[in-house]
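Asker: 10 is the number that numbering that gives the first Met the number 0 gives to position 11 of the sequence shown; each next residue is one higher, with no gaps.
FYI, nobody ran anything at the bench for these hints, they're computed from the structure. Computed from a prediction, not measured in an experiment: that's the story for all the values here. Backbone N, C-alpha and C define an ideal beta-carbon position, used for all residues, glycine too. Treat the hints with caution; some may be incorrect.
Mimicking DSSO-like on lysine-lysine, the simulated pairs with C-alpha atoms at most 30 Å apart in a straight line are [as the list claims (entries may be wrong)]:
| no. | residue 1 | residue 2 |
| --- | --- | --- |
| 1 | K92 | K221 |
| 2 | K258 | K133 |
| 3 | K133 | K267 |
| 4 | K92 | K158 |
| 5 | K109 | K92 |
| 6 | K109 | K346 |
| 7 | K158 | K133 |
Distance windows between CB atoms, simulated [what the hints assert, rightly or not]:
| no. | residue 1 | residue 2 | range |
| --- | --- | --- | --- |
| 8 | E85 | I106 | 23 to 31 Å |
| 9 | P135 | G196 | 23 to 31 Å |
| 10 | R273 | G207 | 42 to 50 Å |
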Amino acid sequence: MTSYILRRLFLLVPTLLGILVINFAMIQAAPGGPVESLVAKLTQPGGGIHDRMAGGGGDVGGAAAAGSMQQQVNPDYRGAQGIDPEMLAEIRKQYGFDQPALTRFWIMVKHYARFDFGSSFFRDERVIDLVLDKLPVSISLGLWTTLIVYFISIPLGIKKAICDGSRFDTITSTLVVIGQAVPGFLFAVLLLIVFAGGSYVQWFPLRGLVSENWSELNFGMKIVDYFWHLILPVLSMVIGGFASLTLLTKNSFIEEISKQYVLTARAKGLPENRVLYRHVFRNAMLIVIAGLPSALLSILFTSALLIEVIFSLDGLGLLGFEAAISRDYPVMFGTLFIFTLIGLVFKLLGDIVYMLVDPRIDFERRS
Numbered sequence: 000m001t002s003y004i005l006r007r008l009f010l011l012v013p014t015l016l017g018i019l020v021i022n023f024a025m026i027q028a029a030p031g032g033p034v035e036s037l038v039a040k041l042t043q044p045g046g047g048i049h050d051r052m053a054g055g056g057g058d059v060g061g062a063a064a065a066g067s068m069q070q071q072v073n074p075d076y077r078g079a080q081g082i083d084p085e086m087l088a089e090i091r092k093q094y095g096f097d098q099p100a101l102t103r104f105w106i107m108v109k110h111y112a113r114f115d116f117g118s119s120f121f122r123d124e125r126v127i128d129l130v131l132d133k134l135p136v137s138i139s140l141g142l143w144t145t146l147i148v149y150f151i152s153i154p155l156g157i158k159k160a161i162c163d164g165s166r167f168d169t170i171t172s173t174l175v176v177i178g179q180a181v182p183g184f185l186f187a188v189l190l191l192i193v194f195a196g197g198s199y200v201q202w203f204p205l206r207g208l209v210s211e212n213w214s215e216l217n218f219g220m221k222i223v224d225y226f227w228h229l230i231l232p233v234l235s236m237v238i239g240g241f242a243s244l245t246l247l248t249k250n251s252f253i254e255e256i257s258k259q260y261v262l263t264a265r266a267k268g269l270p271e272n273r274v275l276y277r278h279v280f281r282n283a284m285l286i287v288i289a290g291l292p293s294a295l296l297s298i299l300f301t302s303a304l305l306i307e308v309i310f311s312l313d314g315l316g317l318l319g320f321e322a323a324i325s326r327d328y329p330v331m332f333g334t335l336f337i338f339t340l341i342g343l344v345f346k347l348l349g350d351i352v353y354m355l356v357d358p359r360i361d362f363e364r365r366s
């Protein structure tokens, strides 16, 4: 196992480099960019273009940190609104676009090798600080959602497999199908309307991960306040996540129960619980348990965007979305690098869990 893990760790470097190359090329080919965004903002009415031109170019860095610019301009933006060529050159230099694409990519790779992701174009903060600031929100949503989904889905799936075809199986299957059909963000809106001061009651907060006076609370009240804010967003994500795992658990158990070794164990007179939870469980849960790292990663980075927007939770999903809209390249590439690195590590953890759950699996010998 050791040599397999070392080989996988060694392959992280070319994998990360290849993903960076592909995404860098795609971004370069995409229309629009941070220069166009800033020019569009400056050329808008009240954007301050004439004042800046009169002052010899003004503080471009201050304009860049003014906020996320979502307005885009045409490719021939150089002549738009009579932009001063010197000012345009200063803007391009400010963002590093005065150098060829290959040079910019090589500089980025050298910095990323030292885990230096630069600073945001529009937030005036280092990318790593932004990620660390948003990470607690995404970890809170992803971790608790994954744990609750597994604690619900595995027992429910096992019970459905044992009672396959019964009334219990039919009723729970109906609920599972409804849960899978209702989008999580739609259920989140419904929860807000009913329980967060919409048209009915206000039992839960409308936004944020903690209350404004959180720092003034004692330790016990801080924990209560934290989970009080998490109930609605986590519940919204659980509704859409438990259905597929429940069905996977049920099908895995049904497949194992029909195998010869189960019939043999029952013929020997072993208690049913021992047959199910000592013999069947390990084999049936192999794919379910081993998929835990990937499931956590998926919920952590891809499933929480709309939930973060609806509940005003400033997490990694919202950060990446805003960076893509505003063409904030350092944040886009920095978060992409971090997400990819974490994803590859989680994939390796998944393989290790496979081998721990079932020692018969040996990726090293297979490779």
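Asker: Against each hint, give a clear statement of whether it holds in the structure.
Answerer: Consistency of the hints with the structure:
no.: 1; hint: K92 x K221; verdict: violated (47 Å)
no.: 2; hint: K258 x K133; verdict: violated (48 Å)
no.: 3; hint: K133 x K267; verdict: violated (56 Å)
no.: 4; hint: K92 x K158; verdict: violated (63 Å)
no.: 5; hint: K109 x K92; verdict: holds (19 Å)
no.: 6; hint: K109 x K346; verdict: holds (25 Å)
no.: 7; hint: K158 x K133; verdict: violated (38 Å)
no.: 8; hint: E85 x I106: 23 to 31 Å; verdict: holds (24 Å)
no.: 9; hint: P135 x G196: 23 to 31 Å; verdict: holds (25 Å)
no.: 10; hint: R273 x G207: 42 to 50 Å; verdict: holds (48 Å)
In summary, the numbered hints that this structure violates are 1, 2, 3, 4 and 7.
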